[in-house]
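Required output: the full structure, derived from the provided sequences and hints.
There are 2 protein chains.
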Amino acid sequence: MEDVRLLMLPGPVPLPERVLQAMMRQAINHRGPEFGAAYTESVEVLKTCFGTENEVFILSGSGTAGMDAAISNFGKGKKIASLVNGKFGDRLYEIASRNGDATGIASEWGTPVDLAALEEALENGAEMVTMVHNETSAGILNPAKEVGRLARKHDALFVMDGVTSVGGDEVLADEWGVDVAIVGSQKCLAAPAGLAAVAVSDRAWDRIVEDRPYYLDLASYRKSAHKEPMQTPYTPAVPLFLGLHESLMMIKEEGMEARVARHHRMSASVRAAVAAWGLEMFPQLDEHSAYSNTVTAVRMPEGVADADVRGTVKKMGIEIAGGQDHLKGKIFRIGSMGAVSAPEILATLAAVQHALRKAGVAGVGDGVEAAAEVLNP
Amino acid sequence: MEDVRLLMLPGPVPLPERVLQAMMRQAINHRGPEFGAAYTESVEVLKTCFGTENEVFILSGSGTAGMDAAISNFGKGKKIASLVNGKFGDRLYEIASRNGDATGIASEWGTPVDLAALEEALENGAEMVTMVHNETSAGILNPAKEVGRLARKHDALFVMDGVTSVGGDEVLADEWGVDVAIVGSQKCLAAPAGLAAVAVSDRAWDRIVEDRPYYLDLASYRKSAHKEPMQTPYTPAVPLFLGLHESLMMIKEEGMEARVARHHRMSASVRAAVAAWGLEMFPQLDEHSAYSNTVTAVRMPEGVADADVRGTVKKMGIEIAGGQDHLKGKIFRIGSMGAVSAPEILATLAAVQHALRKAGVAGVGDGVEAAAEVLNP
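Residue numbers (the working numbering), protein chains in the order written: chain F, 1 to 377; chain V, 378 to 754.
If you're looking for bench data, these hints aren't it; they were derived computationally from the structure.
Incorrect hints may appear among the rest.
Unchecked claim - Residues of chain F clear of chain V, computed beta-carbon distances all greater than 10 Å: (1) Asn29; (2) Arg203; (3) Pro213; (4) Ala261; (5) Asp308.
Unchecked claim - In silico DSS-like pairs for lysine-lysine, Cα to Cα no more than 27 Å straight-line: (6) F:Lys78 <-> V:Lys453; (7) F:Lys227 <-> V:Lys453; (8) F:Lys328 <-> V:Lys705; (9) V:Lys522 <-> V:Lys455; (10) F:Lys330 <-> V:Lys453; (11) F:Lys76 <-> V:Lys604; (12) V:Lys464 <-> F:Lys227; (13) F:Lys87 <-> V:Lys604; (14) F:Lys223 <-> V:Lys522; (15) F:Lys315 <-> V:Lys604; (16) F:Lys223 <-> V:Lys453; (17) F:Lys252 <-> F:Lys315; (18) F:Lys315 <-> F:Lys227; (19) V:Lys705 <-> F:Lys223.
Glycine residues also receive a C-beta, built at the ideal position from the N, C-alpha and C atoms.
Here it is in structure tokens:
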């Protein structure tokens, strides 16, 4: 047993008691009416999270399975332009490379995506664009609306990884022109890890490829979803479906508008603390990008080791995230997604503040109080 | 809420209380030592279930994901011979067809697989053989040892679907020459649905293809499994891993030999009831095949409707399985896998016996007593 009491990662996130209880059901028949009703109700709420009228399917697999499904079903053998400004953008590019003729349009991690280069790729015939909406590895929110506009202008499909934005931040898939949007269960939805949901537009269905994978064949998912009761082509991860269903009922009760407002307030409070500490946000923004509202990436102060911050915080029972790959030790990241509210934020900021002071960082102001001001204006 | 109290299907199976409790944990970090230890311990027990010294990987996806991984990683673009004598054999053939140059070697569902035709296909250059060990759609146990011998003789890889045998019936993957064996979590392992485990031989690794899928790339699973602590390439379905780990600890406590003996006793008791009822077993056996020890498929008596048997049984709170596809209404199937023991068997047989008598089937003997004799010899 680890002694971490509170996960403040960009997913997985702490699960509400109701969600845990929902998972602890005896196995039910996944071709029966109870499962079908849970799937149907889940999809209704997911549509409000995605901002879509399109059909939504739930796959038994991680967010990466959703991404792989999106790109392999609609992009296999095609010219794909992949915007990359962080680890997950890079993963999309890798998936695109396995499936088609992919061009990676890379910016430094945490800097804005290159819209000019994207337009050039579209002019050169790209048939699909991939982008991560909320790039957690760098704490940056990418311009989905702009990219959607460019993709439509050049008649390309737009595949958007909404794994860590859908259900927490504002997502308007239909309005933005997103053709395939993906979310993972263990992030803003505050459900257990292991499911992905995929929203698919008619434009995408019209261009589905012949040479599809088997397990992740979205046409099979669609066919089974149209059955009565609604079902999945292969045995689904039943306990996770039941947990996700419960978390979506909680989202419905909270209301998406209130939920987005809460996520904005939580992340604004973290940013207020960062400013009060005199630390620097990691992302560099332009007019189209913004700080993530579900994870805050902070530049590690000069001369401070990762262990001095994250290690000390962990000793106090709280786990925050470090940098990934080449950003290891260069940044730390505080997740604020899912069911997170003031107590978790205040506890986390107090622990980080203590760690910074203990590590001898000069001029660390009272970020906890600054955050409290945002939380209770 | 459905009023079914007891699932006696060929999976999903009722989950032991310990397994349900294990799932109801708060999210843990899937890159941390606790998750790594659970994965490592799980693999150790799974090796005893598979009868293998090979590496075993756990995928977040259903048994079909495991099958798709096996065939796409090791059979893409190759000549594949698929033995088919039931629904799941047919699924393997479909997956093989998506991935390579597949030949389906079909027998009537529930009749023995055609070993002569397999040998011919191997002589004609088949590089991979696929077979379902325990074909639940027809209640027949196929000759893995014979098929393994033929595959080795002709230097082909042998991919075996052990979804409903591994963890319940005797499986000796290494001794039989199985190169890739797959199990699903919600069958004999008595764990929640949504995970597949795959055991891979060195012969298979030597022949892994270049053009692999992304989410189901077994080379990625292997790379991540070699990390310290052991992990998965993408976010795993954590609650299911914890549930499966607990069910595997229960298997370790019971011991595989005792577990196999229990499954044999349970299915023998069901067969004893079928004989006493004067009904006919569905499978037709040859010297290489046997009745399944985890599900019993029974021919529906002449003039009796599916609803008369399964409907009546369901009214008493017990769900048994019907026939699939063209066998709908022609057979019924009683699952006896996982944590099943005498009380569940006796209740189920008593309900089926009552249904048969109520449906007016002539000469229905006391199958319950016949089963009790087997259960308590």
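Verification of the supplied hints:
no.	hint	verdict
1	Asn29	6 Å, violated
2	Arg203	23 Å, holds
3	Pro213	6 Å, violated
4	Ala261	24 Å, holds
5	Asp308	20 Å, holds
6	F:Lys78 <-> V:Lys453	20 Å, holds
7	F:Lys227 <-> V:Lys453	31 Å, violated
8	F:Lys328 <-> V:Lys705	58 Å, violated
9	V:Lys522 <-> V:Lys455	23 Å, holds
10	F:Lys330 <-> V:Lys453	41 Å, violated
11	F:Lys76 <-> V:Lys604	31 Å, violated
12	V:Lys464 <-> F:Lys227	19 Å, holds
13	F:Lys87 <-> V:Lys604	19 Å, holds
14	F:Lys223 <-> V:Lys522	37 Å, violated
15	F:Lys315 <-> V:Lys604	24 Å, holds
16	F:Lys223 <-> V:Lys453	25 Å, holds
17	F:Lys252 <-> F:Lys315	36 Å, violated
18	F:Lys315 <-> F:Lys227	51 Å, violated
19	V:Lys705 <-> F:Lys223	20 Å, holds
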